[in-house]
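So the protein lines, in turn, are chains W, F and V.
Those letters in the first sequence? Residues 325 to 504, per the numbering used here, in order.
Those letters in the second sequence? Residues 325 to 504, per the numbering used here, in order.
Those letters in the third sequence? Residues 62 to 311, per the numbering used here, in order.
Think of the hints as simulated: they come from the structure by calculation, not from any bench.
Keep in mind the model is a prediction, meaning the values are calculated, not measured.
Glycine is no exception: its CB is placed at the ideal position from the N, C-alpha and C atoms.
Where hints are given, some of them may not hold.
What the hints assert, rightly or not - Restraint ranges, calculated between C-beta atoms of paired labels, are given here:
id : chain 1 : residue 1 : chain 2 : residue 2 : range
1  : F       : G438      : W       : Q403      : 51 to 61 Å
2  : F       : G438      : V       : G287      : 32 to 42 Å
3  : V       : T96       : F       : P466      : 55 to 65 Å
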Amino acid sequence: MTPLAKLLEAALFASARPIPTEELAALDPEASKAALAAALDELGEHYDVDGHGVELVELGGGWQILTRSEYTEAIERAQLAARPARLSAAALETLALIAYRQPLGRAEIEEIRGVSVGSVLKSLHERGLIDVVGRGEGMGRPLLYGTTPIFLEYFALRHLDELPRADELAVALRAEPRAI
Amino acid sequence: MTPLAKLLEAALFASARPIPTEELAALDPEASKAALAAALDELGEHYDVDGHGVELVELGGGWQILTRSEYTEAIERAQLAARPARLSAAALETLALIAYRQPLGRAEIEEIRGVSVGSVLKSLHERGLIDVVGRGEGMGRPLLYGTTPIFLEYFALRHLDELPRADELAVALRAEPRAI
Amino acid sequence: MTETAAYVDYATDAAPAAFVIELAEFSGPLDLLLTLIREEQVDIYDIPIARIAAQFVLRIRTLQLNEAADYLEMAARLLRIKAQMLLPRTDGEEAWDDPRAELVRRLLEYQQMREVVDVLERAGEDRRNRFARAYIPQAPAPPEAPLALSLSELLAAVDRILRIARDPAIHDVIPRAIDVPGAITIIRELLAIRARARWTDLVPYGAEPWQVLSTLLGLLEMAKLGECRVAQPRPFANVEIIRDAAGEAA
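Please model the entire structure based on the sequences and the hints provided.
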């Protein structure tokens, strides 16, 4: 591997979080953008072609080395690492709404979900998945929520636009129209 | 790389601590000891020969993938990895006592250091550097503390006896409290 | 109409196995409603409201959701729509405002959100199946910064301890009088040389309790006599002893 690819590997290995491209650039101030991109390509390809237990993934606006999913079970069985807990259905629904309609206030979320979401918002906020991004108009100037970079990281998305567009969703509840 | 080497790489990458050989064996119950050793060799050699930013290191009675030291400076300069924290003098002294005299109870530590060490013991324990290793004789059967594999790892020691012997130190540590 | 009969049917049926459901299975009344609509295989644009309302009420009764206001609110809404449906339509069919329209809109909106949830769930599951680099020690919250320690630091600490370490004490309990006059003499001697002193100048590291007590009492006595002033700038800060003007004059 080239020295730059090795340096990137060392840095990505040391970090528990994805590293944004700009921060990777700070590792070697003399490397051009093109050189950096080439080195990232080289590293990712090395992991793929050479057959490694890890791979290079672009997500949440940065880069991260992750283990390949085929080894997860064995690692968990040997109790060497544990998968993070799943989000509850309530949390997922609230996140889905915020992801698509941000900035969004609590009242709108409750209107759509039909339940009160105070504690769900609190726990999503504590986990860093959402943040207050502004205040709405109207009475009490309600807090408006949006998703964070950690949201992208959690779902291994590069950008928000990797989610299907609203008009691509099939609102296909018309299963079989039934004669009444 | 062989499938076993890839599995080892994934597990070593995902684990928060060095993994002892016996635990690595749990990853693939069908792999023989020899196969495991060969796969570890293969992985380490791959990192060395192929030119990687990381290396496979045996320490603290286990195996760990670490970034190569030549990249540390660049990574620290770019402030990617969390800045290492220093132990307070009080914590360091308590740790030193435990390392040399383990198993050791709180009362003895306080007697030698002349201050109360409750919170220091708690923080060393939280850091994983010490652990309760037994209970002493006498009133209240006090908890006895000893150092952990993480302690070895921090100092990159294979075994406790790699520490200089007490009588090799400038001022010799009394090995045993005076008998009453 | 048969809808009333349906209600009776459902109400009298012994709850089938599928009815034994956890509240946790549903993320809200709309979720439950959608599940019912799916199970009943009815058209969302033409919901047989009486039947669905009956089912809904039955389910939340089975679930004993008395405390879940959200579900009860939806039940009330369904019953109101059902009542509106039963009202005789005085005008022509075209002018009729379907009382279910608002509910349908909400269900569709909710359904769309559920589709996104499916997408997120798949993405989240995929990510969950891959491990990131873990730090030492493993913290549930953001990873703690690793420690910077060197062997030489540890050994220096050993050396430091040895310098201050006292012999392991053998606790021979000897009654020992507190020596206040002696302490006052020491304090006076110190204040004769220095205008200001600190507590730690008077009480050596590792002092015996009787020494500490003697010094404290001596200090208080001298302060009372106006030989010195005692001040502590902050809680737990080192106590400062200031030679008083009176003491200076003496």
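Tested hints:
1. F:G438 / W:Q403: 51 to 61 Å: Taking Cβ atoms as reference, G438 of chain F and Q403 of chain W lie about 42 Å apart, which means the hint is violated.
2. F:G438 / V:G287: 32 to 42 Å: 34 Å, holds
3. V:T96 / F:P466: 55 to 65 Å: 59 Å, holds
Of the numbered hints given earlier, the model fails hint 1 alone.
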